[in-house]
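If you read the protein sequences in the order shown, they are chains A and B. Residues in the first sequence are numbered consecutively from 1, following the working numbering. Residues in the second sequence are numbered consecutively from 1, following the working numbering.
Derived from the structure by calculation, the hints contain no laboratory data. Don't be surprised by glycine CBs; every beta carbon is placed ideally from N, CA and C. Be a bit skeptical, because a hint or two may be false.
[To be verified] Here are some chain B residues pointing at chain A (derived, C-beta under 10 angstroms): (1) 320; (2) 322; (3) 332; (4) 389; (5) 394.
[As the list claims (entries may be wrong)] If you want the footprint, here are the derived chain A segments under chain B, 3+ residues with CB under 8 angstroms: (6) 42-52; (7) 218-224; (8) 283-289.
[Stated by the list, open to error] In silico lysine-lysine, DSS-like type, Cα no more than 25 angstroms apart, as pairs: (9) 163(B) / 250(B); (10) 296(A) / 401(B); (11) 388(B) / 296(A); (12) 381(B) / 337(B); (13) 401(B) / 388(B); (14) 296(A) / 140(A); (15) 401(B) / 303(A); (16) 337(B) / 401(B); (17) 370(B) / 388(B).
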Amino acid sequence: MSWWTPQVEATLFAMFQAVVILLAVVLAGALLSMFERRLLALWQDRHGPNRVGPLGLFQIVADMLKIFFKEDWIPPFADRTFFVLAPGIAMASLLLSFMVIPITPGWGIADLNIGILFFFAMAGINVYAVLFAGWASSNKYALLGALRASAQTLSYEVFMGLALMGIVAMTGSFNMRDIVNAQEGFWNVIPQFFGFCTFVVAAIAVTHRHPFDQPEAEQELADGYHVEYSGMKWGMFFVGEYVGIVLVSALLVTLFFGGWHGPLLPPIVWFLLKTGFFVLLFVLLRAALPRPRYDKVMSFGWKVCLPLTLINLLVTGAVILLIDPAA
Amino acid sequence: MTLADDTAAAPKGDRDVAAQLIAHFGERVAVAQTTLTGMPVLWIAREHLRDVLGWLKALDGAYSMLFDLSAVDERLRTHRRHLPAADFTVFYQLMSIERNADIMLKVALDEREPTLPSIHDIFLNANWYEREVFDLFGIHFTGHPHLTRIMMPPTWTGHPLRKDYSARATEFDPYTLTVKGQEVEQEALRFDPEAWGMQRQGEETEFMFLNLGPNHPSAHGAFRLVLQLDGEEVVDCVPDIGYHHRGAEKMAERQSWHSFIPYTDRIDYTGGVMNNLPYVMAVEKLAGITVTDRAKTIRVMMAEMFRINSHLLFLGTYLQDLGAMTPVFFTFTDRQKAYEVIEAITGFRMHPAWYRIGGTAHDLPTGWEKLVKGFVDWMPKRLAEYEKAMMDNAIVRDRTKHVAAFNTREALDWGVTGPNLRATGLDFDLRKQRPYSGYENFDFEVPTAANGDAFDRGMMRIEEMRQSVRILQQCIDHMPAGDYKADHPLTTPPPREKMLEHIETLITHFLQVSWGPVLPANESFQMIEATKGINSYYLTSDGSTMSYRTRIRTPSFPHLQQIPAVMRGGFVPDLIAHLGSIDFVMADVDR
Numbered sequence: 001m002s003w004w005t006p007q008v009e010a011t012l013f014a015m016f017q018a019v020v021i022l023l024a025v026v027l028a029g030a031l032l033s034m035f036e037r038r039l040l041a042l043w044q045d046r047h048g049p050n051r052v053g054p055l056g057l058f059q060i061v062a063d064m065l066k067i068f069f070k071e072d073w074i075p076p077f078a079d080r081t082f083f084v085l086a087p088g089i090a091m092a093s094l095l096l097s098f099m100v101i102p103i104t105p106g107w108g109i110a111d112l113n114i115g116i117l118f119f120f121a122m123a124g125i126n127v128y129a130v131l132f133a134g135w136a137s138s139n140k141y142a143l144l145g146a147l148r149a150s151a152q153t154l155s156y157e158v159f160m161g162l163a164l165m166g167i168v169a170m171t172g173s174f175n176m177r178d179i180v181n182a183q184e185g186f187w188n189v190i191p192q193f194f195g196f197c198t199f200v201v202a203a204i205a206v207t208h209r210h211p212f213d214q215p216e217a218e219q220e221l222a223d224g225y226h227v228e229y230s231g232m233k234w235g236m237f238f239v240g241e242y243v244g245i246v247l248v249s250a251l252l253v254t255l256f257f258g259g260w261h262g263p264l265l266p267p268i269v270w271f272l273l274k275t276g277f278f279v280l281l282f283v284l285l286r287a288a289l290p291r292p293r294y295d296k297v298m299s300f301g302w303k304v305c306l307p308l309t310l311i312n313l314l315v316t317g318a319v320i321l322l323i324d325p326a327a
Numbered sequence: 001m002t003l004a005d006d007t008a009a010a011p012k013g014d015r016d017v018a019a020q021l022i023a024h025f026g027e028r029v030a031v032a033q034t035t036l037t038g039m040p041v042l043w044i045a046r047e048h049l050r051d052v053l054g055w056l057k058a059l060d061g062a063y064s065m066l067f068d069l070s071a072v073d074e075r076l077r078t079h080r081r082h083l084p085a086a087d088f089t090v091f092y093q094l095m096s097i098e099r100n101a102d103i104m105l106k107v108a109l110d111e112r113e114p115t116l117p118s119i120h121d122i123f124l125n126a127n128w129y130e131r132e133v134f135d136l137f138g139i140h141f142t143g144h145p146h147l148t149r150i151m152m153p154p155t156w157t158g159h160p161l162r163k164d165y166s167a168r169a170t171e172f173d174p175y176t177l178t179v180k181g182q183e184v185e186q187e188a189l190r191f192d193p194e195a196w197g198m199q200r201q202g203e204e205t206e207f208m209f210l211n212l213g214p215n216h217p218s219a220h221g222a223f224r225l226v227l228q229l230d231g232e233e234v235v236d237c238v239p240d241i242g243y244h245h246r247g248a249e250k251m252a253e254r255q256s257w258h259s260f261i262p263y264t265d266r267i268d269y270t271g272g273v274m275n276n277l278p279y280v281m282a283v284e285k286l287a288g289i290t291v292t293d294r295a296k297t298i299r300v301m302m303a304e305m306f307r308i309n310s311h312l313l314f315l316g317t318y319l320q321d322l323g324a325m326t327p328v329f330f331t332f333t334d335r336q337k338a339y340e341v342i343e344a345i346t347g348f349r350m351h352p353a354w355y356r357i358g359g360t361a362h363d364l365p366t367g368w369e370k371l372v373k374g375f376v377d378w379m380p381k382r383l384a385e386y387e388k389a390m391m392d393n394a395i396v397r398d399r400t401k402h403v404a405a406f407n408t409r410e411a412l413d414w415g416v417t418g419p420n421l422r423a424t425g426l427d428f429d430l431r432k433q434r435p436y437s438g439y440e441n442f443d444f445e446v447p448t449a450a451n452g453d454a455f456d457r458g459m460m461r462i463e464e465m466r467q468s469v470r471i472l473q474q475c476i477d478h479m480p481a482g483d484y485k486a487d488h489p490l491t492t493p494p495p496r497e498k499m500l501e502h503i504e505t506l507i508t509h510f511l512q513v514s515w516g517p518v519l520p521a522n523e524s525f526q527m528i529e530a531t532k533g534i535n536s537y538y539l540t541s542d543g544s545t546m547s548y549r550t551r552i553r554t555p556s557f558p559h560l561q562q563i564p565a566v567m568r569g570g571f572v573p574d575l576i577a578h579l580g581s582i583d584f585v586m587a588d589v590d591r
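Based on the sequences and whatever the hints tell you, model everything.
Here you go:
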């Protein structure tokens, strides 16, 4: 078996990893919808979906079946090409971002030198999903949603990048694996606390989660940009949102909370525990907060978060130079 | 505990206004009518109408609010002695806060010339009322800026509240709707900005016209609001109502006095038995029934129960409109607690239709004190929690403070009543100002606020619930003993114990139940402080088993009319906050 070289073995293992991670993420995204409903129910004095299967666990199967078999309707007034493209972009861009996340020392899909930049690129592309959906729907609510989305993303992506530059400066690398390795015993959240705060805010904004769900704002825009979507296309936006939560939680863990590092338990368990914690936080935010007015969200971004990020970056740079002037 | 007679609680001190008016305009201008409405009723000639209204509004102790405006088709009315000849009567009810008194002006119209001058420039809120009269009676108002149908679809023919318009579905051809017909109907609903004097383009922008509703998560029912938007700024808006119109006033004309009670439950469908109260009290005035103290107190207790229930629904949806998803589930838990009590006492939940002419349907069940007490103990902690978790929340404050604010004068101009009026700082609560059903015996406060903004309107409800809990506690402590039904021949249904005494009582009972009671010909009126503002019933009896005309004045109708006046220049999210803070249900608007 001459073709079975270590190289082939490595390739196959990488492919296997990619498939497993992809499936796990999509599954987590889907399960999360169920998980969120049960959690919200817990905090809201009610039961939530608990009838289908043990603990209501098959609810997700029922939902999936329903979504798969629902009529996939495209409004006659919509721009077909972009209407179809939008949900694809929404899900794909977020799934692709998982590529750069190192899960354990041995697991992770791609070890890119520009890991963080790749995530930014994908987050940037993700906006197009909302824009295309809003524009192609030829619906006024969708359009208003898309307008909000573009304004919000523009405001928040500016400092989302800057919020991480402190870490990059400290580690001296864009590579996620390097960043995790640099955090052994000392998590980035301590020196980069303000970076962490602003990144969390930006991350919620980029995933359009409550209270930054301005583009959908059910009470105002009646679901905004995806108001015309149904069936699996809507499902892709829906699962995309949950994939986004998992992604952002995983990023927070990787960048600020030492990734897989932790005592006693195996690395994978630590990674999952920490990610789960942030997912929980996202759900709790949704349960707890009202929605600010969208122009206030914008001014909060520009007037509070951006200056904070810049100061954080300046101080980080100054401290690095003080400690090690040669760098 | 003794309760004062209801007639003593009717507004006083306004008798001289009629005399003053006649002295000022001359005897030929006004003819007084004696009624049971508790206010002076004057017939005014059409040509003097605007002068008299203007005079009343400018009077010292001004009649500053147009409380109600509607019409009566007099053509089939038989008991019209001493009344001016009329085919249609349009009546204007004005309210003076300073005098705490009302006055009603009536104008007689000939069916050959059903035309009146519009008064929308004297009283802003006359605009919609006149449209409603035009729509339902076919009476024209000259000088009205936009005299179109308001309740019925624009394609409708006929004027439903006229006596020659059939009241039963069986008198019509079966309803059909073809695809073509549907297209015609939809096209008729297309918004035409020019018809409303709106520009399609500004100096540099092209406006977007957005239909908010009739199906929209924050429209609280089938309500359509057409927005003229510049970006997200509301340049102007036009509320469009009527999607929930069921013709309750028309139905009242073919239901017996007794069998109309369940319809009243569904006027303000979150108010439950609270809606029965003004109706049965007005009927009791016609019948001359004095209700027992126990019945009065039971009625107050259940009405306050429903006030809390309605305010809880308000609070949950108000906060949900601000984007907080959790509070509504908590308030629904509380509502469930309330419903457990309501269910045990009345046998029903949302629409018990439990008040009767002369009392209530049953006596209180054994052990009711414990049930009510459980609720009274439960609520205060929850209210404190809502205030701490939500009303103190920075985002909630940011979304509602100084949003859609209006002052007392503007509120009165638009006919705003209830908590929304008190949020502007005016202490005007009918339970204090014109006590009915024994409210004068209760110790409670009337909360007011100062800014009249969306935040104040939210806080008002929390404070009112606290006061209602106090009233409930007093009901538990001081429930009078005695009968729950008045001992009067017109009490319906009559006390069962007397049914089998002899043939006369049996016959009376049989007639009352099969025909319903026959009420003497007269007019009566009752207003109450309902959940959302002042709700009133103005009944005209022609000495029959059915009402000749039932006018239902609801608070939500003028509240919606006011929306454009406070929303111009606001953002869409502000509009949503305002809609949430008004506390309206469309059944209460459209009837």
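Hints, verified against the model:
1. 320: At 7 angstroms from the nearest chain A Cβ, residue 320(B) passes the 10 angstroms test, so the hint holds.
2. 322: Holds. Min distance 4 angstroms.
3. 332: 8 angstroms, holds
4. 389: Hint on residue 389(B): holds, closest Cβ of chain A at ~8 angstroms, below 10 angstroms.
5. 394: 9 angstroms, holds
6. 42-52: With 4 residues close enough to chain B, the hint holds.
7. 218-224: holds (count 5)
8. 283-289: Check passed, 4 qualifying residues.
9. 163(B) / 250(B): 9 angstroms, holds
10. 296(A) / 401(B): Judged against 25 angstroms, a Cα distance of about 14 angstroms means the pair holds.
11. 388(B) / 296(A): Holds: residue 388(B) and residue 296(A) sit about 23 angstroms apart, inside 25 angstroms.
12. 381(B) / 337(B): 14 angstroms, holds
13. 401(B) / 388(B): 16 angstroms, holds
14. 296(A) / 140(A): 22 angstroms, holds
15. 401(B) / 303(A): 21 angstroms, holds
16. 337(B) / 401(B): 31 angstroms, violated
17. 370(B) / 388(B): Violated. Residue 370(B) to residue 388(B) sits at ~29 angstroms, over the 25 angstroms cutoff.
Hints 16, 17 from the earlier list are contradicted by this structure; the remaining hints agree with it.
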